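**Student:** These are the residues of each chain, in order.
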Amino acid sequence: MSNEHGTSVKTYLIIGATLLVLTVATTLIAFVNLGPFNPVVALTIATIKALLVILFFMHVKGASEKLTGVVVASGFFFLAILLTLSLSDYLTRSWW
Amino acid sequence: MASIGIPANQAPKLNYLNNGHSLKSWLLTTDHKRIALLYLISVTVFFFLGGFFAMLIRLELLTPQGDLMQADTYNKVFTMHGMIMVFFFLIPVVPAVLGNFLVPLMIGAKDLAFPRINLLSWYLYITGGMIFLHCMLTGGVDTGWTFYTPFSTDYTNTKIVEAGLAIFLAGFSSIFTGLNFIVTIHRMRAPGLTWDRLPLFIWANYATSLVMILGTPVIAITIVLVAVERLFHLGIFDPRLGGDPLLFQHLFWFYSHPAVYIMILPSMGVISELIACFARKRVFGYKFVALSSVAIAVFGFLVWAHHMFVAGISLYAAMIFSFLSFSVGVPSAVKVFNWTATLYKGSISYATPMLYAFGFIGLFTIGGLTGLMLATIGIDVHVTDTYFVVAHFHYVMVGGVLMGYLGGLHFWWPKMTGRMYPEAWAKLSALLVFVGFNLTFFPQFILGYVGMPRRYWQYPPEFQALNVLSTAGASILAVGYLLPMIYFVWSLRYGAIADANPWAAAGLEWKTTSPPPTFNFDETPVVTWEAYNYDEIPHKERRAPVAG
Amino acid sequence: MQDSQATTSQATVQVTTAEHEAHNPALVHQFADAEQQKNAASLGMWLFLVTEIMFFGGMFCAYLIYRLKYFNAFAAGSQSLAIKWGAINTAVLIVSSVTVVLAIYAIRFGRKKLTVAFLVVTVLLGFVFLGIKSIEYTDKFREHHVPGANFHFTENFDDNGKQIPVNPNEVQLFFSLYFAMTGMHALHMIIGISLMSTLAVLTWRGHYSAEYYTPLENAGLYWHLVDIIWIYLFPLLYLISRHT
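Chains as they are written, first to last, in our numbering: chain R, 1481 to 1576; chain E, 430 to 977; chain L, 1248 to 1491.
You can trust all of the hints, since none of them are fake.
Below, a list of computed lysine-lysine pairs in the DSS-like style, where the Cα atoms sit at most 30 angstroms apart: (1) L:K1387 with L:K1331; (2) R:K1541 with L:K1360; (3) L:K1359 with R:K1490.
Treat the hints as calculated values from the structure; they're not laboratory data. The structure presented is a predicted model; accordingly, all values stated were derived computationally and were not measured.
Construct the complete structure from the given sequences, taking the supplied hints into account.
**Tutor:** This is the structure:
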């Protein structure tokens, strides 16, 4: 399941720097009024950061098997089911 | 394909049972077969404890008045019955007893992937069980096994946090078992044992393990949130702060509905094995049955709010969940049709395991169909929180899960212990279980439909006749469960010695001795045949079980 | 899928020591070879991480639902959090994830001392994170923003200069979730710190090498997941409606 070819130190440092830049970015953008898009942008940046950690630091990119990616994706998929189907109740209540 | 020709009277060689006799060699074992037996003993204890509370319920309901106990006590009694049966019996029983024993054997492995985690699973279960017993003995819980808020977080003064901790630990036991099975099945299959050659019992346990991994953590966090709210008044479910009690129900049922698939899927796996063996045929539509297990596991996560139709969810959500609940019946029906098709033109014999399999198919079908009735919003509004629901879930849990477990226990008893159970007594018990079960629970469908609510300790006098029938049935059922306790124990000393394959069954577990050696196989098998290759086993090799 | 090609035959149930010596001393009997064992351990760890995603997921579900309904109250609560501490903590965890991958990089080349060094830095960064959280928690305690009998919230939601009053009960829901989610996260940090400290000691003592470092890899996966959870907690809790 692990990345036998090995990501280089340079790659790790670049990803790390990218993550820090994205952190600064999301913090600064929060002070800009984007209306309803503020949470969208914030969560998009968070997801990009999470993907960078998963793909490069957790070695899912270049993993010897597709199974690793399937396992990770299924975790988030079933969480999405919990969130979406619960929302199907809350967003359609006329009294809520 | 012939069974290993070990004569029945040969002195037993070193096997997993006699490889070490000290208490330490059992309590610190990492052998999956010994751990399965540890679980067997513990779940049986909890089963009879849960049964004791069931007996109290049925005794109280003999008469319309609440005369045996106070209402508050009755609340505790049905709560204890439910919590013990759900969390400490039904969820672990088939995976932890039969699954633990058989999964490595069926795939030709020496043990599970993580034997020490397997032992940890059992200790988590035991610790949770002990805490629960302590909770029970010092006052118990009265919220119903569903511990809905705000009663559980605010108004009850019973031991919610302690019970929650016990269930939390049992949940982690479940998670680790599931984790172990998934890794084992992915990584440790014998050479040649491809996914499409796996026994359906393995597919069933694999699907079950997916549910354990994905669902159990959600009830874990729900218990934590309830405990935190109760102890520190962080009012996430408190309506006075703007919290929503239905949020609890969403989180609770997100696990607890898939939990019922944790219960039934492994049992369905057992039935596939039994039907194939006792009809001497490949299971019809192997791929469909295998994939239907995975489909049930996945679809089972989409239906939870059918437990909440009258709780206050929106009508649109109710319609969505109703529709999704209909769809989850499809893969279950696929299994029932395929088992039936397997029987067609099979050579059917009626050993005890097969009797339980037949019972399962009939009773699970009734349970499943009434489940579809409950998924219909219009009917559910009428029968929710009545004995109709109670009857439905007992048909699937007892008529389904428990019958499958008993069938499997009888089938693999010779493999596990090297002894045969007495067939005549076993057949009698199966009959008593079937008759007793139907007499107990069928009247409850009627009671529920005409309006008797569940969890009530008194009822209008016109319901008494059906309640008396139900209690009478329960006493027959109890005898049906006690007899195997007696004859299984008897068989350990006096039962006929079983050889490696008394049923001439297909499957790798039958290719090693009964009982197996500690590391299962003297040589790792190499598999070159399809599952259930009964057409390659000559009929004359189908022997009746050794009479005992 | 992996197929084990085991050919070792066992004459009796007792595996002889000679067979053991032929393999990596860390190989356990149920596996055919070291690669199968490593892949099994890795898959096991990933499955455990999935349970952690679902475990925290329940709280994310509660958060999502209440934020939609009580947006103003949640925004007011969020505005009272110290954004600088949240951002610094996010950076701390990101750097700690880098030190974790570098620790594993080092052990793959057998550089044990370097591995230990990176693990120690990781642990220190973990303590920095917890230290900052304790500063934040203390501040919240002093401001009476801890839910319970002493909860007292008087600020408004500052919406682009417009002061919107909010229901303190609903703000209390925000803080209940804030403490539940960051508290559970902190508990996982403590577990991660304990794991990394133990592994640092074991590495120092020579338990791991370029041939066998599976526990380090798997502990690293755990640490990264705890980082990912914070990556989501930061914008959700700290960055609601900061534009004033």
